[in-house]
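Line order of the protein sequences matches chains U and V. The working numbering applies: residue 136 is where the first sequence begins, and numbers increase by one. The working numbering applies: residue 136 is where the second sequence begins, and numbers increase by one.
Calculated from the structure, these hints are not laboratory results. Accuracy of the hints is not assured; some may be wrong.
[Said to hold, decoys possible] Reference listing, derived: stretches of chain V covered by chain U, where coverage requires no fewer than 3 residues with Cβ under 8 Å from a Cβ of chain U: (1) 186–199; (2) 219–233; (3) 527–539; (4) 557–569; (5) 604–615.
[As the list claims (entries may be wrong)] When the alpha-carbon atoms are kept at most 30 Å apart in a straight line, the in silico DSS-like pairs for lysine-lysine are as follows: (6) U:K436 / U:K566; (7) V:K436 / U:K439; (8) V:K389 / V:K280; (9) U:K314 / U:K389; (10) U:K439 / V:K389; (11) V:K439 / U:K436; (12) U:K325 / V:K439; (13) V:K325 / U:K566; (14) U:K325 / V:K550; (15) U:K325 / V:K566; (16) V:K436 / U:K436; (17) U:K314 / V:K550.
[Stated by the list, open to error] Far from chain U by the CB rule (all over 12 Å, computed), these chain V residues: (18) H321; (19) G337; (20) E367; (21) D378; (22) L399; (23) H416; (24) H454.
In this text, a Cβ means the ideal position worked out from N, Cα and C, and glycines have one as well.
There are 2 protein chains.
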Amino acid sequence: MVGITNYLRVANLACRKAFAVLAAIFLLLPTAFSHAAQDEHPPGITSSTNVILFIGDGMDEHQITMARNYLYGADGAFAMEQMPVRSSVRVHTLREDNPNQLRYVADSANTASTLATGLLTSKGRIATSAARDADQKTILEAAQKKGYRTGLVSTASLTDATPAAFAAHTSHRNCQSTKSMSAINHAVGKTQQCVPDLKAHGGPGSIAEQLATANIDVLLGGGMAFFNQPVEGSAQDLPSILDMALNHGHLMVKNEAELNAEKLQVAPATSKLLGLFAPIHLPVEWQGEQLRLAELMTTNKHSKAIFPTPFGCEKNPHHQGIPTLANMTGRALQVLSHNNNQGFFLMVEGASIDKQAHIRNPCGQIGELRAFDQAVTLGRQFAQQYPNTLIIVTADHGQAGQIVPLPETYQAASKAMRMAQYPTGHYAVLKTLSGELMAVNYSTNSSPQGLWEMHTGTNVPAYMEGPGLDEIPALIDQRDINQLMRHHLKLD
Amino acid sequence: MVGITNYLRVANLACRKAFAVLAAIFLLLPTAFSHAAQDEHPPGITSSTNVILFIGDGMDEHQITMARNYLYGADGAFAMEQMPVRSSVRVHTLREDNPNQLRYVADSANTASTLATGLLTSKGRIATSAARDADQKTILEAAQKKGYRTGLVSTASLTDATPAAFAAHTSHRNCQSTKSMSAINHAVGKTQQCVPDLKAHGGPGSIAEQLATANIDVLLGGGMAFFNQPVEGSAQDLPSILDMALNHGHLMVKNEAELNAEKLQVAPATSKLLGLFAPIHLPVEWQGEQLRLAELMTTNKHSKAIFPTPFGCEKNPHHQGIPTLANMTGRALQVLSHNNNQGFFLMVEGASIDKQAHIRNPCGQIGELRAFDQAVTLGRQFAQQYPNTLIIVTADHGQAGQIVPLPETYQAASKAMRMAQYPTGHYAVLKTLSGELMAVNYSTNSSPQGLWEMHTGTNVPAYMEGPGLDEIPALIDQRDINQLMRHHLKLD
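With the rest of the complex left out, here is chain U:
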């Protein structure tokens, strides 16, 4: 199966780029967008100026390799990896206690803020500056001012750090609803408490309220539990934040069927689309057989390591009825591009690549990366018809998973050294789709519960496609990504 020699590889190499583009056009064209593409767009409007930013949360090179190996084997490639430009992206995180110094491990809040604003900040912050707590203007806000339509799509709650950072401003990601803002949060310092962000104290209010009134054309994700909470200061707990969103012209959908309904007509002049498909985060697409996760390595009474048996991945039945990320992306592109001369800014987040790595669930992580890449495929198809579309696919920070040797390697080493050898941390042996074995280890936290695995500080990739990318250096940082997008939309 792995071709042993092929002296034509150099020729192949030069052709792959062309092949990748063709493959992207013909493969995996989901219904929502194919309708949009074929029926609804007069050729004149395909000249609109668009940016689609895909954020794979926690999707560093190691997590990508793990998912690629599982899904497509060592010769495989994700659609995003076939995009023509690839840079390595440095991640910056300021210290809240001293913003002149850096930390070298980020979180989704400060990195999404940097992607959204082009400015640096500290962990936990949502588009506000480290220590000083000044609002930082986002690309979504700047795009709106210039008449672009805007959209946020995520497999997380829409109030979660990544989507929030594009349209809200709070001192901490935890300021998701009035309730979560009202008490002192002992896990964060004085300067990042949510209390001052309450409207009662002259602040902008909760993330959910800010999103509900931000005039965003498309909001698709989870978070019903936050939107169902009362607007700050409302009597009798009414109106809810959801009521507030509906009053601001949002049409509401809450499952796959409603999202895909032919009759759903969103007319941007008067209406906007709000999809809330889960109380908090959307269920993930895949799970381990028998719900297996990576397991804490232990030794038996003879001090020999007990290695877990191999397992594969399967569909998560709880994802039934929930739209896929590609499905949401397709509908968002349709609504944003319909009769739109100007163009749009759309952010699409694959949130649970990160969340599943935190809980040491390799199958969850792999399934979400697969779903994310399918959404990217859709974006690439869109860009074929709307050539003035800039697509950037990147991650916010690194995650914990590592591909490590198989048990047989540790067993041989144990024998040679006469001492048990095994990976520290939580270990899983996966049966890949092509029937091979791949072992994965998570070892950034001893805790069996709570925060679980930690983020890591590696550079992350950025895959890019579209106009204006001829001179992109091989090494950039997250501020550059913001500037590339602003430049394409002619903002500032």
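With chain U fixed as given, assemble chain V onto it according to the hints.
Relative to the frame of chain U, chain V by itself:
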């Protein structure tokens, strides 16, 4: 210090490529090559066709980020990262017991073999095929046949896997000398025993003997202990393999002063350069203050984690008198390019990035990455004068080190969860050169000794510069690197 806003960043972005090239020309020009460049090369010969392959052993994106943060901070960049083309490289490893299936963690032997031959093989093998043990022709051998000069430079023993794979063929990397080949090796299977590779059994003999007689113009590295061993079958232990090399026209140098001596004249028609600067591997350039390594995390009697105190890196005094990798590279380029119309193939390995990661020595690893990048800088300077030079900088496989949160993050999590939280494995907190803190964790092996940390299975980067790189995809594999080099040298 970290500029908060800079709306001129887009403009900067487009300029950086040009700046990087200029920076490479003017910075860090070591003596050996500057002599060569200024005095000895008539312009006519700068049209020679050259390939320089730099292999950073174990140098994945995470190890690069760690070293970059330590040395240059979050805004820094290595010279290699400023090269114009960057791809992500898939790493293939066949199973010796079933070459139709793959493993997802490699070693330096099989990956160097793939870079050298363009063919896949199994762990431990030196340019021979998995299971079948057929010799695989290397690019160095093909280049020699076409009249190119050749060179191998490494901070490891020249008989170590990476340099060996370019000019020797054995069933296992351990076949370094007759002595190591003569007994059954219980750590490897039947098909990878060295005994059949002995000349007495019709084999090619040890790696050291093969290198000594391979007519390589420049061999610089460690391994005196192997070269000082008797030639297989020699009476009275004489001649030694070193004698054999001298008989094959090698001039011998054994320290920095001899390597850099003005009077050293290597005339390729009649003589070749052999530098052996250490019994086995060269001492590394840097070490931790007080020789500190990453430390195994433990808890105190109250079940609280005991975090190690921060430390910085310092020069290793044992590197005194040993040439740097840049020094060796400069001399190699001088010898290979002197009066050479045809051109050359040179492989330069930064071997101890990997070796220091194995022993959980972050300072060792960072110092070696720094030294490697200085050698790359020299290669890039050379290419400015010899424009038909293709430079590829890549790694063979991933390593174990991860940048993880600082103790304060684990301590806050421990408090919030009322349970000790700390990274499993060996942990270090480094004081970076700019005075910030960065934490590093190694956790792929429980063993306090022996094999120590394991390789990991992530993709690795390839940085490229030179002619013919216009259509390189963002995702390639190690066979493609071989084919790019062959294509440039017009081999096959």
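Hints not upheld, ascending by number
10, 18
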